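Trainee: Here's the letter readout for the chains.
Protein chains: 2
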Amino acid sequence: MDTIKNRRTIRKYKQQDIPAEVLNQLLEEAFRASTMGNMQLYSVVVTRSEEMKRKLAPAHFCQPMVTTAPVVLTFCADFNRFSKWCRQRKADPGYDNFLSFMNAASDALLVTQNFCTLAEAAGLGICYLGTTIYNPDQIVDILQLPELVVPVATITVGYPDECPAQTDRLPLEGILHEETYRDYSAEDIDRIYAVKEALPENKQFVELNHTETLAQIFTDIRYKKADNEAMSEVLKEVLKKQFHIG
Amino acid sequence: MDTIKNRRTIRKYKQQDIPAEVLNQLLEEAFRASTMGNMQLYSVVVTRSEEMKRKLAPAHFCQPMVTTAPVVLTFCADFNRFSKWCRQRKADPGYDNFLSFMNAASDALLVTQNFCTLAEAAGLGICYLGTTIYNPDQIVDILQLPELVVPVATITVGYPDECPAQTDRLPLEGILHEETYRDYSAEDIDRIYAVKEALPENKQFVELNHTETLAQIFTDIRYKKADNEAMSEVLKEVLKKQFHIG
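Residue numbers (this note's numbering), protein chains in the order written: chain G, 1 to 246; chain S, 1 to 246.
Check each hint, because a few of them may be wrong.
Pairs count within a copy or across copies, as identical chains cannot be separated in the list.
As the list claims (entries may be wrong) - Below 25 Å or equal to it, Euclidean Cα-Cα: the simulated DMTMM-like pairs (lysine to aspartate or glutamate) are:
no.: 1; residue 1: K224; residue 2: E28
no.: 2; residue 1: K90; residue 2: D168
no.: 3; residue 1: K241; residue 2: E229
no.: 4; residue 1: K196; residue 2: E21
no.: 5; residue 1: K236; residue 2: D183
no.: 6; residue 1: K225; residue 2: E237
no.: 7; residue 1: K240; residue 2: D227
no.: 8; residue 1: K236; residue 2: D96
no.: 9; residue 1: K90; residue 2: E201
no.: 10; residue 1: K90; residue 2: E197
no.: 11; residue 1: K236; residue 2: E147
no.: 12; residue 1: K12; residue 2: E178
no.: 13; residue 1: K90; residue 2: D227
no.: 14; residue 1: K241; residue 2: D227
no.: 15; residue 1: K12; residue 2: E50
no.: 16; residue 1: K196; residue 2: E162
no.: 17; residue 1: K225; residue 2: E179
no.: 18; residue 1: K236; residue 2: E51
no.: 19; residue 1: K5; residue 2: E178
no.: 20; residue 1: K55; residue 2: D220
no.: 21; residue 1: K240; residue 2: D137
no.: 22; residue 1: K90; residue 2: E212
no.: 23; residue 1: K241; residue 2: E178
no.: 24; residue 1: K203; residue 2: D168
Hints in this document: simulated from the structure, not taken from any laboratory.
Everything numeric in this text was worked out from a predicted model, so none of it was measured.
Next comes chain G alone, as it looks inside the complex (with noise of 0.2 Å):
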């Protein structure tokens, strides 16, 4: 499986549209990845018009991939369709939980990496956007998703139009544990990310930053405290609304 050993994130892409064809072939193989239950507890809502793209570029912090790549793909927890069957056969539907929103969220995650697995094996490019789930708010609204959907994972995708180099990884034996958690040690901590501070354009990106350490660029400036809090409080009114969990 060299093709996920050598992968790279993309974030430009040829301007080539994918044909329908081959991206429903992507996705239906996709759907393939183990689902609770064989419920299949997702949607796919593909995003390929112009007008579109430019309606959900801000709730991705107008990263220029949402409107560059031919297709945006908006992976969904969805137990709407699920219930609906069960209104229908007369059973009584019980999912407007919290556990049941994270079974269709994680049915939903599989189903975004093996896309991506097969996408990258296709000869496309992704990025995954983290951002869907600090705005699910505003992707409901323009989605239109109904009750019991709840957007969580945005893909981009094209043909290739840049090779960046790939990015670094802690080494395995800082994500390993035998048996239990051995809890890391100060050694352990400075072992494990020693590569990762040693990097040059690590060093680089603290010297334009400012900042003491690399760390600080996480905690200071790309992933702080009181924005993690405010946007934990947008997602958990999307699933107060969206799922009822109070």
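For chain G, the structure is supplied; the task is to place chain S on it using the hints.
Mentor: Chain S only, in chain G's frame:
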């Protein structure tokens, strides 16, 4: 990618160990999945010992795969390692909130699916255990997960000792939406679920369970409202304890 297209969940495994170097290579490649800001917000606990499998089994409702598979992997959302790094680098982490949990859970689930794809391509069989988020409190205790670590998926892995029939999937049109979500009419639901309802094994399933419809097996037997609500409370308690989410 015929391995994805032809995949099936495997619940029976040969009595044959997975060499550590095989497993580690698959995991290392799986970690190439997209990750929020390259923070790699996950950990994987590898269970090989009989004793630990026996301890984990009840958390997974004693499904036999847990004790019969050579390897059980618990994929965890993990902001502990990253936060420790921050504190050790004069940075103040603000990741004990719901958004950060969802970021980490997303990272962990993408890696889970990537691992499954790679394992299957290498001739292994996997089973995804959705029970992980049903009894996360037990798993936190057994695997000794510290604060900011929550289990989100468990995969049993081994060399296949069965080749079950592929399960059905809904037709593509039942999952895709063009530009905006087109909510389902009664006719849509009938059409989308027609093949599933007509399958001989599902008809037999209804007979065996003495229900009137297939949907009732889900709502009245397999995934009941009262159970979902009780397990939602457990999951929320775990998030309160592990991520300080109120």
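Trainee: Hint by hint, say whether it matches the structure.
Mentor: Going through the hints against the structure:
no.	hint	verdict
1	K224 to E28	neither (38 Å within a copy, 29 Å between copies)
2	K90 to D168	between (53 Å within a copy, 22 Å between copies)
3	K241 to E229	both (19 Å within a copy, 17 Å between copies)
4	K196 to E21	between (41 Å within a copy, 24 Å between copies)
5	K236 to D183	between (30 Å within a copy, 23 Å between copies)
6	K225 to E237	both (18 Å within a copy, 22 Å between copies)
7	K240 to D227	both (20 Å within a copy, 20 Å between copies)
8	K236 to D96	both (14 Å within a copy, 15 Å between copies)
9	K90 to E201	between (60 Å within a copy, 20 Å between copies)
10	K90 to E197	between (59 Å within a copy, 14 Å between copies)
11	K236 to E147	both (14 Å within a copy, 21 Å between copies)
12	K12 to E178	between (40 Å within a copy, 23 Å between copies)
13	K90 to D227	between (44 Å within a copy, 19 Å between copies)
14	K241 to D227	both (21 Å within a copy, 22 Å between copies)
15	K12 to E50	within (17 Å within a copy, 49 Å between copies)
16	K196 to E162	within (23 Å within a copy, 43 Å between copies)
17	K225 to E179	neither (32 Å within a copy, 34 Å between copies)
18	K236 to E51	neither (28 Å within a copy, 39 Å between copies)
19	K5 to E178	within (24 Å within a copy, 32 Å between copies)
20	K55 to D220	neither (29 Å within a copy, 41 Å between copies)
21	K240 to D137	both (11 Å within a copy, 24 Å between copies)
22	K90 to E212	between (63 Å within a copy, 8 Å between copies)
23	K241 to E178	between (41 Å within a copy, 23 Å between copies)
24	K203 to D168	within (14 Å within a copy, 51 Å between copies)
The structure shown violates the earlier hints numbered 1, 17, 18 and 20.
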